[in-house]
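J.: Could you slot chain E onto chain W? The hints should help.
Chains W and E supply the protein sequences, listed in that same order.
Here the first sequence is numbered in this note's numbering, starting from 2 and rising by one per residue.
Here the second sequence is numbered in this note's numbering, starting from 2 and rising by one per residue.
Please note that a few of the clues may not be correct.
Stated by the list, open to error - Cross-link-like lysine-lysine pairs, in silico, DSS-like; alpha carbons within 27 Å at most: (1) W/K278 to W/K327; (2) E/K163 to W/K163; (3) E/K472 to E/K397; (4) W/K472 to E/K472; (5) E/K163 to E/K327; (6) W/K397 to W/K163.
For the record, the hints were derived by calculation from the structure and aren't laboratory data.
This structure is a prediction, so every number in the text was calculated from the model and none was measured.
There are 2 protein chains.
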Amino acid sequence: MSDTLSAPMTGVETVLSALRETMGSQISTVASVREEHSHGEALDASCLPAAVVFVESTDDVSRVLSLCHEHRVPVVAFGAGTSIEGHVTPPAEGVSLDLSRMTKIVQFNPEDLDCRVQAGLTRQELNAHIRDSGLFFPVDPGGEATLGGMCATRASGTAAVKYGTMKENVLGMTVVLATGEVIRTGGRVRKSSTGYDLTSLFIGSEGTLGIITEIQLRLYGLPESIAAAICQFNTVDEAINTAVEMIQYGLPVARVEFLDEVQMAASIAFSHLDELKPLPTLLFEFSGGPASVREQVEATESIARDNGGLGFAWADTPEERTRLWKARHDAFWAARAIDHSALVISTDCIVPISCLGELIDGAREDIAASGLRAAMLGHVGDGNFHTLILTENSPKGRARLLELDRNIVGRALALGGSCSGEHGVGIGKLEFLEAEHGAGALSVMRALKQTMDPRGILNPGKLLPPGEAYKG
Amino acid sequence: MSDTLSAPMTGVETVLSALRETMGSQISTVASVREEHSHGEALDASCLPAAVVFVESTDDVSRVLSLCHEHRVPVVAFGAGTSIEGHVTPPAEGVSLDLSRMTKIVQFNPEDLDCRVQAGLTRQELNAHIRDSGLFFPVDPGGEATLGGMCATRASGTAAVKYGTMKENVLGMTVVLATGEVIRTGGRVRKSSTGYDLTSLFIGSEGTLGIITEIQLRLYGLPESIAAAICQFNTVDEAINTAVEMIQYGLPVARVEFLDEVQMAASIAFSHLDELKPLPTLLFEFSGGPASVREQVEATESIARDNGGLGFAWADTPEERTRLWKARHDAFWAARAIDHSALVISTDCIVPISCLGELIDGAREDIAASGLRAAMLGHVGDGNFHTLILTENSPKGRARLLELDRNIVGRALALGGSCSGEHGVGIGKLEFLEAEHGAGALSVMRALKQTMDPRGILNPGKLLPPGEAYKG
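Only chain W is shown next, with the shape it has when bound in the complex:
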């Protein structure tokens, strides 16, 4: 062999070489860009992707997938990078497919209360764009996530108790399959009973079955009247019982959020909520016609009073309401600010609402026993809450943190719950999946994965732990 002969190209080199001909300016192998695409907001940075491809259209995605399929190169979709379960971590020699330039509103149909957007648009961008129409998209996970990412993780957040999650608010999609083939799922209609529900199959599939490029979303009229309030309690149980009774009573509350005394102390410092005390707290939002809102408010005040609530403070102006909800949205950063050098993870357990008090009490015992600092907050109207656990940044600290996480998840599963209400599985929750779903359901999920992506190029190693696949 001649010594001038270069080594054969690896799969990813072949793919990049082919892509450079038509998409050269959209490909980056710069170290800082690859580093940005190596992790979400989770614990660990992992290995860097071989390259980042900034796609601008469904055709671009199709071209990239077609080549990656041919050369068996892993592809990991990347939106805003807000995942906290390791979803966007690429394998070595993989391509990070960045959809953040796909921000078009493809259709806006105000008369049908729907729109079609590209997957890289964020909900904030969408809502800013359509505000003058009197409509909005309600699913609100807090962070500035892309709508594609929200679909891929079946996101929800503070408004799910009234409007549902992404599952209930996506009418259809454009999806690029592993081979590069483009399909449309669902449509514009409110309901249909024709064929398998492919839209729901891709929602929550975390980029492992196909890449979502366009989304048909339901929209809602901005409520005629909105009221927001805060109520503090002497004990966690009083706060949780208030939220549980509201749901059992059937109150159509728009949001009901819980923050424990640790979280409140952090949020008071971070968001300058000096009028409040570091006590267990509920934040409420009510919306609808003015009379309906008054009815909800009166019923809620009565339930809170019976449970020892220390009085309601009303956010009377839109500015005051925004300030309150911004503090809630910044809660993660407020808890983070307790100790900037600490490792932080967030649990995301959800249980039937009648078990919420028991789970939170148990989790607080676990926290006390662990000796770690932890703040609690959550979407208690759904039975979903987060424990933000802080620990020293060391292997030992990390082990203690994961042990506490496992204890709390174990309690949730024992109560018929789920290990993740809205953050997804990614890598972080893989170990709990069989305990939650059972071996049979997981074997069916694996069979679906093999069918849609037999070469295993789509976000490998995420969502499904290894094991047997169902054979019919």
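T.: Positioned in the frame of chain W, the structure of chain E alone reads:
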């Protein structure tokens, strides 16, 4: 060969012979029983099943499927037999799996607003059983269908505009796969982002991917206050515009049903609604807190008045409300009674609500051009309506009826709609599926079917037209 040697048993004979050992009394090969299980409420009776097996537990279903899988015998689930698209028609040499004895309420969790039921229970039976708790299950397709059948066809009906369809109201299931293996999907929690949404995959799968045996359902508090009313109009357009504007305005109406002048004439005669005129009509139901209901009613009256509504008649008592809604539920039988000797089919088109007026106008032109009698009614708050078409019972009549059906479906698909809002595909809508979903989406559906049921024993020939399956 000896002439005393009997012919080898066919697959179904082998299966029945094995089942008789343990389930003998649950198997029927009586002609009248087989005839009852040969059709739903659709046009045609088809061939008889070889036998009917009355299963009483998930284990029974597993035993039957395991044997049928081994011997490649087709299995068609049967609930109440109310399908009108040919879902329950068995192939020759197939087994009809009757789940109507599986009527247990397995769990009732009023504090979490959920319950778990066996698939053969009807929603009426469930609601009668839990009425004293103040809770109810809202999805209401009209007929006395089983909850399993309602899952299998992704049913909805009059209350979907407020409460959603089966898709939004099932939290989890027990499903028996083609091999007889039993899995659980979903759970009791309100939301979860862990794993593929198997529950949604089985909802609407029409018995082609697995047999649903248990269902975890969401329940709701009975509304504090309910108001029902009727408003008549001089023209169809006025009635439809009223319904469309209510939805665009965001009114949280509980039901809004349209009946055209032909349907009204039939219903007046059938249900003794002598106070009403054969005019285009809307039926409304509002529910919630008393102040909220008053708000909805005032807004609706104003919209109807602006669109030429001829005044509201209120159903002030529960008895009067029941009478009104019973008349709506009996609309199919009222239209049927126009001519008992006629063939009847029902379209089930749905379109984005802004296109509903155009579709209904077009459908009325098609009806006039066809010379056939047809009554229209529907869940116009969702953009979904039915045309009950009557024709003489002859091959020529049948051909004219199907031509009219195709014309109306064609209009709906051209407007971005679906050929079936809630009746499912079965056999009746097979021909429209590719036009509605595209070849790509259908190829994925076929791949899923092959994965879940490679031997093709589960309700063969339904839901999916033949063609290529996606190969990743």
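J.: Report the numbers of all earlier hints that the structure fails to satisfy, in ascending order.
T.: 3 and 6
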